[in-house]
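Undergrad: If you want the building blocks of each chain, they are given just below.
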Amino acid sequence: MGWAAEPVDFNRQIRPILSHNCFTCHGRDEKKRQANLRLDVREIATADRDGIRAIAPGHLEASELVRRITSGDAGERMPPVETGKNLSLSEIETLIRWIKEGAPYSPHWAYRKPVRPPLARVADPSWPKNPIDHFILARLEREGLKPSPEADRTALMRRVSLDVTGLPPTIAEVDQFVADRSPDAYENLIDRLLAKEAYGEHWARIWLDLARYADSAGYVADRPREIWAYRDYVIRSFNANKPFDRFTIEQIAGDLLPNRTEEQLIATAFHRNTQTNDEGGTDDEEFRNVAVVDRVNTTMTVWMGTTMACAQCHDHKYDPISQKEYFRFFAFFNQTEDADVPDERPVHTLFTEEQKRQRAQREAEVAELEKKLTMSPKETHAAQAKRLTELKARLAAINAPTVPILRELPPDRRRTTTIQYRGNFLDRGPPVSEAVPAAFHPLPKDAPLNRLTLARWLIDENNPLVARVVVNRYWEKVFGIGLVATSEDFGTQGELPSHPELLDWLAAEIVARHWDLKYLVKLLVTSATYRQSSRMTPQRFERDPDNRLLARGPRFRLDAEAVRDQALLVSGLLSRKMYGPPVRPMQPSFGLSAAFGGAMDWQTSEGEDRYRRGIYTTWRRTNPYPSMVAFDAPSREVCTARRSRTNTPLQALVTLNDPVYIEAAQALARRIAGQGALAAADKVRYGVRLCLGRHASATEVTRLLALYEPARARFSNEPEQARKMATIPLGPPPHGANLAELAAWTVVGNVLLNLDEMFMSL
Amino acid sequence: MSPSLEHLQSVTRRHFLRQSSVGIGTLALWSLLNRDAEPAPPIVSPLAPKKPPLAAKAKRVIYIHLTGSPPNLDLFDYKPELVNRNGQPCPDRFLKGRRFAFTSGTPKLLGTPHTFARYGREGIWMSDAIPNLREAADQLCVVHSMTTDQFNHAPAELLLYTGSPRPGRPSLGAWATYGLGTENENLPGFIVLISSGSQPNGGKNSFGSGFLPTVFQGVQCRSKGDPVLYVSNPEGMDRQMRRLTLDALRDLDEIQAREFGHPETFTRIAQYELAFRMQVSVPEVMDISREPKQILDAYGAQPGAGSLANNILLARRLVEQGVRFVQLFDWGWDFHGTNPSEGIGDGLTKKCATMDKPVAALVKDLKRRGLLDETLVIVGGEFGRTPFREGRTAASSILGRDHYPDCYTMVLAGAGLKQGFAYGETDELGFSIARDKVHVHDLQATILHLLGFDHEKLTYRFQGRDFRLTDVQGQVVKGILA
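Protein chains in written order, with the working numbering: chain S, 1 to 762; chain P, 1 to 482.
Read the hints as simulated data drawn from the structure, not as lab findings. None of these values were measured; they are calculated from a predicted model. Hints should not be assumed to be uniformly reliable.
The calculated EDC-like cross-link candidates involving lysine to aspartate or glutamate, where the alpha carbons are at most 16 Å apart (straight line), are [claimed, not checked]:
# : chain 1 : residue 1 : chain 2 : residue 2
1 : S       : Lys724    : P       : Asp466
2 : S       : Lys317    : P       : Asp466
3 : S       : Lys724    : P       : Asp238
4 : P       : Lys457    : S       : Glu82
5 : S       : Lys85     : P       : Asp238
6 : S       : Lys85     : P       : Asp466
7 : P       : Lys224    : S       : Glu82
Some chain S residues close to chain P (C-beta under 8 Å, calculated; not the full set) [claimed, not checked]:
#  : residue
8  : Arg12
9  : Ile69
10 : Tyr219
11 : Thr282
12 : Asn657
13 : Leu730
Beta carbons are placed, not taken as given, at the ideal position from N, Cα and C, and that holds for glycine.
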């Protein structure tokens, strides 16, 4: 690289080098700081210290840093050998160029408020369909790449249905879209998908990873916890297209809103998804503190894309958060009533309207009787007292499910928050008051220092992070990888955005659109970028293996829930029942108990509850549903911003052999065989369409027939095998069915449900 | 089908049958199917075997966790002075400012009811509760000076296995497979076996992958039903039929691969072939009835029983087949004295009988097969137990001890360790470490060292930080290295 290149960019080129190699000893953490030198603050880095300057802007020979990073003496060279860190030649060259250019610093990009940039200029103005495409195409043109052609309609239909609703399209839906030749056909399709209730279930599922939602309390005993009303709140919020700012305030501080509704109270269960430790001999106060720490860390990850956990024990080494600031932020969450007790107090009881009416009536009766009792003569006293006891018992007998909630302590019971040294709740420092870290935007002036103010601060228009973090997370779900790949970390240790202007444009747009999340989804999936074919050549793969430049459409593996939901849907088993207590689909028996807890095995739910969408499956933290774990579902013990996406033989065993998937293959076989008089080849075509939405090629039909025919022949000779293959576990076949045929179609169905294409969003 | 395509497919099929490594198979397939194209970048399986950066002494690990924590003072750490002062009030200096799980006030000192003697060339102290281990004394490396920070089960177990008392970090076995991959891809690289009816205290976190990719988590094998979940074909489908379905699946996926050109498709094809091989290799290795009678007898194993003895024998079969990390959990070692089976007298003797014999047999068996030199065996709990009687059961006829984090004993054997050796010492009453303290982070650092890693350099970046098993501590215990 010649010297005439563009000037060095501090955020993009220098900060990562300094952050990774130098800040541990020459950064924010006072305790670890060496030689009293900071390289993260320009005034200190360039200061004259007894005639020596670490960095002398523009003067290489006067810069001690240059001498030390290039020194041939191992004892002098930086970074020191024992750190295991090592600057590459090009890193040294970049640092030298930067100092020569005057060593300009600039604040970390993510802490500057995004300003909506003008649309990027492109050479081919015919390609972009919306503003996203300008930014993507401009970059592709700079890299000398061309976008891919648009995916065909069936492929696109499958991709967008899975991305918007988590479910593939039915044959009828594909036909409707393919036949719609109007110019708005695609937009109308998106509107139809966004209006489905499956949309809310799908995006709620994604949110529940962040909310660490589970149906058990965690830790050793991991007993069941009743908190599903929160899951239903999230689904309803997405389906109602609740703006994200309202969604935020309700979950962080719904209990503090004036005239708060029942729904807003249920929303506060967001932070009651922390674990509760019931192990005998544990200190409740210790684990209450752990829960508050989790609330701090989760809030920071979800809304600020900031990793706060390190500052619990010491000043953050990389990002501008001190330990004191950590506990000042902690103080906002340290005033709620809940205290790691097994009954989950405080909880809200979910009475139905009828129950509420009954309760009001009985409460009135009780009150009236109590009043009477104080005034009545002695002789009638006993009878009335007995009646009162009865009435109270009847009042208490009105039972309903509950949900844990946040409730602020009364003024006389407020806790004093202190710094906790090394993160130990017993090792306490000086008391601190509520505040947000100084590096972030300030709290609104004169607002009370409570959670409600904090919630408003999170979605404040001056917050430089929240809109970027949210749009990036949506981008990640739709395109498979975020514009910032480390979607959980926008700090200095996180990755820089691949398309910074696009990120800022989207951030500005979502705020201007009043946090309309359905609009955001529509914006992403109607872009030309999204609609590209995902076909690839080895050359294109080599050029951009992770598809960061987006010269092709997204193609990545479905999430665990979608893998199962899809198999149930195409086989016709899926129940569309929504909401309510979690369900227990078939799972293998382990014959084990949780430590000090109940059995891990469960009684399979009856009827359609076996076939509900994955979001309704009971989520036990110490033993999450095994087949979903195989497909990278997390345990939900802590906030998960991003799931990994592996490809393993254990996954193959799940979809090949798990009774859930065998049952789906059997149901699929009955759908296929149910086509009556059709020729076998046509039945194969039907099966492929049910599963993939598209038409099978002639080669594919031939290949599947070459499986079906010999399988049928074998099962004809082995009726007992045929019976098992076709009916265990689904149950007796339809009247008059040919078992050998059903068994052979089950085998074909088993193959269809395991096609690579089935696991991909195409 | 064109002759050339047919030829190509037969080539790839033969290729698969030859290849055991997913990575190489995938790469070769890509080139075969895209003959005119440039070679694809290698897609290496995350479980492909990797050479550790330092010279490794141990290639494999068998870790036998005694869930609940056995009483060190009744098995290995002999304290005659505690016996002399049995029943006296516990001195105040040991209690001041301390928290215990189930004890408050002033408890009574508790000397062991067991008889101790010295065994092996170096004279390692052992009690009458572990008669078989005495005979293996010359192979053991007993560490008396273990210490931890946690005195409740779940946090202590998590600290031991993940380096942090809270859920969410990768476990020891996950770190090992992340660093080393596995030697036999037809079996999971990290296998977990659980006996005596309960999960470990940390739940799946004690063998989870935390923020590492889930491919590194421990695969829990069951003693009843499929040993690995879903490894058996469904009812009505035999192996031949399974082969026919996989042939069809592969052909269809190859069409897809040519159409879309995604390397992930080849990886998936390879994973299905691997699953097919696992369907044979897993039940085979898990079937202890294939062992000769004298081996079954030596371990005290009985086919079909699901006991700790069975699992210890299975562990040997697994490491023999190249499984990298075998983690056992056995429930029922929490000797509070709340019932006869949790008493440190007969209760302990009975419980030890289920562990003592198979562990001794394992050490001898590994040695006889020449595997002990490259296999690390670890036996122990998550913390120690108090030198005084537990508060709740102080008046009972059954003796029990409370949780105690300050000192406890672990037993190690095998690769790279001194043999017939005792390390570290506690004070005369067993309240504190007198010499050569070994924190759980030090144990972790030492295990990684034996596997060929500098524990400070085996890291994974997550949420902006380079995490490691030993958190921010840990020193290799050089004193126990051979």
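Undergrad: If a hint holds in the structure, say so; if it doesn't, say that too.
TA: Right, here's what the structure says about each hint:
Proposed proximity of Lys724/S and Asp466/P is contradicted: the alpha carbons are some 52 Å apart, above 16 Å. About 12 Å separates the Cα atoms of Lys317/S and Asp466/P, which keeps this hinted pair within 16 Å; it holds. At most 16 Å may separate the alpha-carbon atoms for a hinted pair to count; Lys724/S and Asp238/P meet this at roughly 11 Å. Between Lys457/P and Glu82/S the alpha-carbon distance is near 11 Å, which keeps this suggested pair within the 16 Å criterion.
Note on Lys85/S and Asp238/P: the hinted pairing is violated, with a Cα-Cα distance of about 55 Å set against a maximum of 16 Å. The suggested pairing of Lys85/S with Asp466/P holds, with an alpha-carbon distance near 13 Å, which does not exceed 16 Å. This hinted pair does not check out: Lys224/P and Glu82/S have alpha carbons roughly 50 Å apart, beyond 16 Å. At about 17 Å, the closest approach between the beta carbon of Arg12/S and any beta carbon in chain P exceeds 8 Å, and the interface hint on this residue is violated.
Using the Cβ-Cβ criterion of 8 Å, the hint placing Ile69/S at the interface with chain P is not satisfied: the shortest such distance is roughly 21 Å. Against a cut-off of 8 Å between C-beta atoms, the interface hint on Tyr219/S holds, since the closest Cβ of chain P lies about 5 Å away. Among the interface hints, the one on Thr282/S holds; its C-beta lies about 5 Å from the nearest C-beta in chain P, closer than the 8 Å criterion. The interface hint given for Asn657/S holds, since its Cβ lies 4 Å from the closest Cβ of chain P, which is under the 8 Å cut-off.
Of the supplied interface hints, the one on Leu730/S is violated, with its beta-carbon coming no nearer than about 11 Å to a beta-carbon of chain P, more than 8 Å.
When held up to the earlier numbered hints, the structure conflicts with 1, 5, 7, 8, 9 and 13 and fits the remainder.
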